[in-house]
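Protein chains in written order, with the numbering used here: chain A, 341 to 1187; chain B, 14 to 635.
Just to be clear, a hint being listed does not mean it is correct.
[As the list claims (entries may be wrong)] The calculated SDA-like cross-link candidates involving lysine to any residue, where the alpha carbons are at most 20 Å apart (straight line), are:
| # | chain 1 | residue 1 | chain 2 | residue 2 |
| --- | --- | --- | --- | --- |
| 1 | A | Lys513 | B | Asp389 |
| 2 | B | Lys393 | A | Arg524 |
| 3 | A | Lys742 | B | Leu103 |
| 4 | A | Lys513 | A | Thr546 |
| 5 | A | Lys780 | B | Leu103 |
None of these hints come from the bench; they were simulated from the model.
Here's the letter readout for the chains.
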Amino acid sequence: MDNSSVVTSLAVESGRRHGRPEFDEHAAFHHLKHLLPAQAPLKDFIHHNTLHAFQEDRFTDALHKAARLFGYKTTLTVHEYRRLFEQGRIRPEIIRRVLMERKGEAQVNDWTNRLLRKRYDSTIVPRIGTLRMHWKREHRIDLDALVHSTLFRVLNSYLDQGIAIWRFPVWDKGFLASIRELQRYAYTGFLHGKRATDLLMDETTTVGRLLDILVGEPALYEQYLFDQQFAHPGWSGLVSAIEENPAALLDHRRITLPELVTFELLLEIDALDRQFPKGWEPLAQGMRHRPQPLFAEVAYAEVDEVRSLWQEAFEWTYHDEALAGLSQNARRPEPPVLAVQALFCIDDRECSFRRHLERIHPGFRTYGTPGHFGVEFYYRPEHGKFNTKVCPAPITPKYLIKEVDKKSRAGKDVHFSQRTHGLVGGWLISQTLGFWSALKLFISIFKPSTGPGTTDSFQHMDQFSSLTVENSDPSDRDGGLQVGFTVAEMATRVDAVLKSIGLVRDFAPIVYVVGHGASSVNNPHYAAYDCGACSGRPGSVNARVFCQMAEHPKVRELLRAKGIDIPQETRFVSALHDTTRDEIVFYDEATLDAPLRALHARHMTVFRDALDLNAQERARRFEAIDQRDSAKEVHDQVRLRSVSLFEPRPELNHATNALCIVGRRELTRGLFLDRRSFLNSYDASIDPDGHYLQGILGAAAPVCGGINLEYFFSRMDNQKLGAGTKLPHNVMGLIGVANGVEGDLRPGLPNQMIEVHDPIRLLMVVEQLPDVVLATIQRVNATYQWFVNEWIHLVVVHPETKAIHRFRDGRFEPYEPLHGSIPRVLESMDVLLGSLENMPVTIIEHA
Amino acid sequence: MERLLPLFVLIPFLGFLISLLVPGRHESALSRIAYYSAGAQFFTLLAFGVLWLLQGAPLLNVKEIVIYRSDGYEFFIDLFFDRVTAVYLLVGSMLTFMITIYSRYYLHREDGYKRFFNTILFFFTGYSITVLSGNFETLFVGWEVLGISSFLLIAFYRDRYLPVKNAVKVFSIYRVGDVGLILAMWASHHLWHENITFMKLHNYELVHHQLASHSAIGIFISLAILVSAAAKSAQLPFSSWLPRAMEGPTPSSAIFYGSLSVHIGVFLLLRTFPFWEHQFVVRVLIAVVGLLTSLMASVTARVQSSVKAQIAYSSIAQIGLIFIEVAAGLELLALVHFAGNAFLRTYQLLVSPSVVTYLIREQFYHFKPREHSFEDTLPKRLEYTLYVLSLKEWNLDTFMYRLLWNPLKHLGRRLDVFNINRSLAVLVPLYLLGIVLLFNAQWSTPQVAHAIPIIAVFIALVLVLRAFTERKHVRRALAMVIMGHFWVVLAISFNEDFDLGHSLIYLSGVVGAGFFAVYAINALRRTERNVDLGRFHGHVYEHPRIALLFLLSALGLAGFPISPTFLGEDLIFSHIHPDQLVLASLVALSFVLNGLALVRIYARVFLGPHVKTYHEVAYRSA
């Protein structure tokens, strides 16, 4: 903090020296980068809070501010809320309680009336763009139309990761230097006029100097830059992200946001020079109306309050029901036999899979923990030229795991070949292969199957390869990373995971550790479908590494010293669950001895049956699939989706996520939550001071909160905060998608991923004592911010009494669910038939 | 056998009509109609094709319906079938069949599901008419349908800025192609003194005989055809529209701009080949256009860093080669090349989103820090220049803009002084005077009579130009378009033996369509205050019905083959003498501008980002 303020004040100083006291270039760019979208290139798609820049504000204020400043639609419209109310998806008693709490008893009727009946105008008129608009209004020149197309083209060509055959001819000098070199030697350049060209060639040209020419009044410079960059937030955000993390591009490129801005300002000056050859005045001159400063205070209107009250009622209608479900779900007797334990990712998509496993085989006991299974490292598959991070995004690992003895290689497809784009090659290929394409198209429509264009989660690691897990020689390093973990490092990690989920005794003969990944085709957003805790990669390597660690005799010895006594006969078996295809692959099965292998074979049938049921449960939301077919048939159709070129929804990913429950499985076992909950196992009884809880919340808040809020905002404003419909998307340089060939990049989630999502904030439920939780969250400010600013709702459930306390305004207060009795059914599939909508929370008797 | 030909127009057309009647919520019915139509077309054609081959693949021609007949003039729909038709129809119906099945799932739950399948079927109808057409008039009907369905599909995402802007842009290039075709039709009327059928063009003696005595007009017709073909097939200097057309859902881009639509220019050349076969200069010119295009496009394709633009330029390059093949008389090779290129590009576009998975994996496993491309061996100056030029698409987009629109805009702006109310005071009496003169020819001298048509057309042109650049008043712009039509009629009436019947046919369409267009705008203005032409308004968001009504009226007003004006246009042209190239060009230009002005009004008022922002509205750059 201190450092940056020193830098800032230095920059102000330098600004003053150049006679522009009101414009601090460094601070302006810092501010700009903070607010631009922070999405990395496609291959590293990681969910995050879209409005992360506003996270220091309270949720409601942040939404309001974001809407007024940037024109984002951050809530539903009053009309949409009223429709939800008519459908019974916002309940009157919840509205009443929200109004009691927020407005006081006396005003409840008045405000109910406002919510339900009063007419409001929901028009959003943002402040962004109001300054730069004067070019058009007073000078009759459309700079965006003159500049964007060239700017996007040049940026895309410079950053391109492998689409163009003839790459940017100068690439290793940094962005502006490359442009300069092209402009110097080429007979034609991107700039036409002498003034702009000279400014480009002059390496001392600063953004401030260009703004002197263009705008002419330093007090307006920062606002001008915001207007300019938010006219194409996609490209600006990506450049900013690459500046921060150049390694995000495998084929490195140096570029900074100030370079992009400089180039754009030059293009603007050039366009103006061209349009007005007789000269022109800077923007500030002759501007009749001063626009309001972008970051001036925003006023609240009544409609804003009405919308935030509606939103709160919408959220608590579901949360209240879920809490009622939790408190009415009776503890069930321990399963008669303990046959098997299985660890899964906390991912909401595993929620139903676990339920089906437990239902089919009462001896199954399942646990949830973030899907990197507590091991953080880079992974390099055999023949791979790069390392891939497979742990939560904020962690920077020091370890490398290599794959060796790979048995398979990916296929090739000439349709992606560059030769088809050459003149002669194209001539030959179109007359020969062209007819093959017709056949391939025919097959891919009538009998879809996997091909080289498919993203296949099982390809992440070869099933029969080996991994370099153990490090016995600390000097064994590769590119600054330690290859493998030492025994002590292994034990620490296994110990931490097992204790955090409460698995410290009564080990079953086989403990499965199941990572997850996804498969799809024609899907540039494939990374968003994989495991978030593995930085958007499948969790197979992590599961396997964890198991090999837990199997290690010396690790077991150390664990015993730490109080975890794993019997010698207990084996850990890793697996990967493909959430799109509902398939599972196990690793290192061959090392099981005969009796265990037989046991494992019996478990595999349980897994398979559960996967059929899981596929059937998911298929409820796919209109094209007839649910009345048997589970096996439905499952076949679900598999087909994942390899169908024409299927924009191979799976629905995290759509509908709404809960994160941190506690023992007893709390949720048998409760039908409709795949809407992240489930993190946690046993308060072995963590009285919240040590492990701190780790859990430290990861769960940003990961689950990030997922939840990205879905939230992409759903609220799919145009400005989401990627819009994916059907017209065009892949730009392998780093992003845009509409058509001239559009700005589209960060955020496409419509097909969020259309069934209900935009409600996450409710975090922790099974622990309120005091312990309070002390825990207050220990780390970053975590505390999530809760105290209400970006995530937090309640605790007492481990013994099940009493509920809600966190609000910095303290816990008792909470009584208003929801009456929760419906009960015998079998989970009874709940499901024939509806595309969200299902009520239900208690399943036979679970 | 000939009797079966109309079937191939009727099947898609029927499919189109039925699809209009199905309500939008019945997704599966809509898509089923589409792929049943395409499938029926495909399988009927297969059976037909076998029979046809068994009979020795004869040239088939059938004069279908005579729409209008008077002394020395006959407007009729004529169908023709030869191997060019066979291949185009087969490839077309097969791809449409597969793409409609594909889109059935791909477009699931998309807003505009119905609109999509309506437009695809409309396109398919236009395509079938075009490739089956037996004379220029029939071809022009199909040609117009292709143009308008292209516009509608590019602007499928009509609530965003770029699709709408690009749709108008592409439509304007298509209009340039239309001028070529209109002039070719006009000139060939005079060459043959009839609506010549393509069948007759295969009669070598006939063609040779006519061209021997009228070589200049022959060359003119061929050049007009070449302009049309180049515009439609994205050849130089029109190439830059093709990548910009990739704004719709991927399958529609694949079928239109990857395969069928973009090869229609080639079709036109193949179809008219017997006509220009012996015009050596024309053949060389076609080959040169093809060669230059393929060179330009293949270099441009090399630098494209977005996957769809890359495929677009690769496809343009191949079409350039096909132009050369056609010019060389290698019909069979051209047909094989067309089919192969169409399939290849369609499939490449369809799998284009997979390119991330595939190439990132390639990069991950096979990365070499930097590969030298052969251009690196060029001198630095040449290399960089070539690169920058290719990246800027050889300035073709700006070139088109400057060549076509800037002059028009400047002219139009100059005409801003030309106030409609004041000018009405002049124009109406002037028009009346014209009519009086028309009926009393004895009052004027031959010189005056000779000058009047040109003056009247000039006034028409000024009016549509003014309509095209109007920034504020929608109804004024409409009024000017309608008045333009009237002046054209006056001009032509002076030109020759006055035929009131012909003028009435023409004007009946104008008046009817004009009435509905004004009615639609009035209806809109009852609820919306914010209606002008200075920007896009997106009123279709709240007023889809009014928008549809306006679109239909505008099409009628523009002489689209749903109104008598279409027939009238052809009639009008038959009254322009072969030596009146200026008059013909001016009239053609006024038709083109008229269509553009109307599409612009439609786009500005009804399409683009909605002016009301109570709901999600995309960034302009998105």
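Any hints from earlier that this structure breaks? Give me their numbers in increasing order, please. Structure breaks hint 3 only.
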